[in-house]
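*Asks:* Sequence:
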Amino acid sequence: MSEEQKPTIINQDQPTQTWFSSWFDTPYYHILYKDRNYREAQIFMDNLTHYLNLPEKAKVLDLACGKGRHSIYLNQLGFDVLGADLSENSIAQAAKNENDTLQFKVHDMREPFEEKYDAIFNLFTSFGYFENDEDNLTTLKAIKESLSEYGFAVIDFMNVAQVVNTLVPEETKTVDDIDFYIKRYLKDGYVFKEIDFEDKGQKFHYIEKVRALTLQDFETLMEEAGIYLLDIFGDYKLKKFHKTESERLIMIFK
1 MSEEQKPTII NQDQPTQTWF SSWFDTPYYH ILYKDRNYRE AQIFMDNLTH YLNLPEKAKV
61 LDLACGKGRH SIYLNQLGFD VLGADLSENS IAQAAKNEND TLQFKVHDMR EPFEEKYDAI
121 FNLFTSFGYF ENDEDNLTTL KAIKESLSEY GFAVIDFMNV AQVVNTLVPE ETKTVDDIDF
181 YIKRYLKDGY VFKEIDFEDK GQKFHYIEKV RALTLQDFET LMEEAGIYLL DIFGDYKLKK
241 FHKTESERLI MIFK
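Under the UniProt record's numbering, the residues of the sequence shown are numbered 1 to 254, in order.
Derived from the structure by calculation, the hints contain no laboratory data. Bear in mind that the values here come from a model prediction, so they are computed numbers and not experimental data. We put the beta carbon where it would ideally sit given N, CA and C, even for glycine. Treat each hint with caution, since some may be false.
What the hints assert, rightly or not - Mimicking DSBU-like on lysine-lysine, the simulated pairs with C-alpha atoms at most 35 Å apart in a straight line are:
#1 173 with 243
#2 254 with 243
#3 105 with 57
#4 183 with 209
#5 243 with 187
#6 173 with 144
As the list claims (entries may be wrong) - Label-pair ranges, simulated between beta-carbon atoms:
#7 149 with 38: 28 to 38 Å
#8 149 with 178: 43 to 53 Å
#9 239 with 203: 36 to 46 Å
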């Protein structure tokens, strides 16, 4: 193969750019995860909003909203919703669905909002992305500052113990005729996922990297942030959390 024929390698794990700001802004992220169970997610939000007993037209912040699918559903439930995400491309897509009670904006979760919210949802493991652990504390403080006096916040995170016990080291997923080669491993306190694929003559390499935060880690962070952890659930049906068996770590706090 000549130099001209060799596929270009797009490597997005450079230290100058955070993995989430590059990977989430590509169309390939949404292709790979297009088959996520959104009905299950809607049932989760039904259960969650019922449990929190949110008033009609409550102001809800969907923090790290992606393309806004869940913000849209929360709005359909009757809430006044703001979806916020760092990805400009995702917000541009989400903004096509805006109405009087549904808005979207580009926002870094480490920064508090001027407006106060009755509920703040950080869903589907959208926490623990930062290189600096201090940023996780900063994010919790920003969430606290953005809550109304009687507001509640929810972080829906992976249950690290269950993830590690069931980790699939390697697999190939074919979506839209693209073969995604995926490797998973635990290293230096992070759960890594390396994603390699080729499309249109280019080779791509991306890394997902999430801090392996346990319930104890969150409790320590929340205490330091002055946050009160009210309840813990282990799945989207809001069943009791079991340290080794639960699929999720869902924390309700204020």
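*Asks:* A separate judgement is required for each hint: does it hold in the structure or not?
*Replies:* Right, here's what the structure says about each hint:
| no. | hint | verdict |
| --- | --- | --- |
| 1 | 173 with 243 | holds, 29 Å |
| 2 | 254 with 243 | holds, 22 Å |
| 3 | 105 with 57 | holds, 19 Å |
| 4 | 183 with 209 | holds, 12 Å |
| 5 | 243 with 187 | holds, 21 Å |
| 6 | 173 with 144 | violated, 39 Å |
| 7 | 149 with 38: 28 to 38 Å | holds, 33 Å |
| 8 | 149 with 178: 43 to 53 Å | holds, 48 Å |
| 9 | 239 with 203: 36 to 46 Å | holds, 43 Å |
Of the numbered hints listed earlier, the single one contradicted by the structure is hint 6.
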